[in-house]
Structure formats: structure tokens, C-alpha cells
Amino acid sequence: AAGFSAAASLVATGAFLAGALVGGRLGSRVGRHRGRLIAYAMYIEFILLVAALIFSLAVADTSTGTASFFLIGLLAIAMGLQNAAARRLAVPDLTTTVLTLTLTGLAADSRLAGGDGPRPMRRLAATATMCLGAAVGALLVLHFGTSSVLVLTAALLAFNVVRVYRFSTSSEPWTVGK
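Numbering follows our numbering, in which position 13 of the sequence shown is assigned residue number 13; successive positions increment by one, without gaps.
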């Protein structure tokens, strides 16, 4: 198919798995302290994202060749790390990267399906947030280019990195994992 790159898909998959491996190791190192896991994972993700942003600004064309593979690799590592951390946190009904699984749970566990309909607002909010993020990202790429998405993402992540620091030293009950 036009525009499809098997090599880019392989790079993305391999880098994602490498990031998931890093996230798994990180989860093992911090033990059951969920606050540290969130904080450390976000710190690493932020560094990777800023590296991708700097690279996208420094290189004239990141849409093809080695430059695109490098950018894909950095971002896929960050996503693999994020997924491994989210998996370890195991927040009910928030399958952050599997939108269809969240929607399936919403329908299959509903009262209409004979279930007890647990936390429908959480599932709907997660779904709406992911859809809104995809729409905003698409508009930014189409009108302002790849770097604009990375700038917005880095700004949002920086906000969260600053806020999440307190979780890394917290002794609140929720930080003790499952």
C-alpha cells in the first residue's frame, strides 16, 4: 500500500518492545511503590520525547529514511515504557493503549449485557480523552507539522513530570501496589 513501510513498522515494534523491557525492569527495581514507578517512568519518557523534539527540529525532513526510523524508534521506546508502567499500575478499566478493549468492556460489562456496569464514566472519559487527543494530534500534524505535536506533548508531559515528583516520595496508601 502506498505510504506503508514494513521497515518502519519493524523499527516501531522492536523499539516498542525495548521500551516495554525497560519499563518492566523499572517496575521490578522500584518494587511495589506505585508513586516511584509513575515518576521514574515519566522522567524517562520526558527525556525521550524531548530528544525526539530536538531531533525533529534539527533535521530538515524526518518523514523518510534513517531520520524517520530514528524518530519512530525514540517515540516507540517511550510508548513501550509507558505501556509497561501502565500495565504494572493496573488501574481498573483504563487499558490506555487498547481503545477497543475499553469500549468492549463498556458494552460487555454493562447492565444491558447482564453485567453490573462497573465504572462506566471512567471508561467513557478514557475513551473520549483518547479520541480528543488523536483529533488534536492529527490537526496539528496536518497544519503545523510533526514538531508541533511533539512540542505540545512535551509541554503536557513537563507539567505532569513536575506534579508527579511528590508521588515518588509519598507514603500514601495508594502508592503501595497490588
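Just so you know, these hints were derived from the structure itself, not from any lab.
Note that beta-carbon positions come from the ideal geometry of N, C-alpha and C, so glycine has one too.
Any given hint could be a false lead.
Have a look at the derived ranges for each label pair, beta carbon to beta carbon [claimed, not checked]:
(1) A128 / S171: 32 to 40 Å
(2) G24 / V176: 15 to 23 Å
(3) F4 / R111: 40 to 48 Å
(4) G114 / F159: 17 to 25 Å
(5) L17 / T104: 21 to 29 Å
(6) E172 / L10: 27 to 35 Å
(7) D116 / F55: 46 to 54 Å
(8) V91 / S28: 15 to 23 Å
Hint by hint, here is what the structure shows:
1. A128 / S171: 32 to 40 Å: Between A128 and S171, where Cβ atoms are some 33 Å apart, the hint holds.
2. G24 / V176: 15 to 23 Å: Given a distance of about 20 Å, which is inside 15 to 23 Å, the answer is holds.
3. F4 / R111: 40 to 48 Å: Holds: the Cβ-Cβ distance is about 42 Å, inside 40 to 48 Å.
4. G114 / F159: 17 to 25 Å: Violated - the Cβ-Cβ distance for G114 and F159, about 42 Å, lies outside 17 to 25 Å.
5. L17 / T104: 21 to 29 Å: The hint (21 to 29 Å, Cβ to Cβ) holds, given that L17 and T104 are roughly 24 Å apart.
6. E172 / L10: 27 to 35 Å: Given about 42 Å between the Cβ atoms, the range is violated.
7. D116 / F55: 46 to 54 Å: holds (48 Å)
8. V91 / S28: 15 to 23 Å: holds (19 Å)
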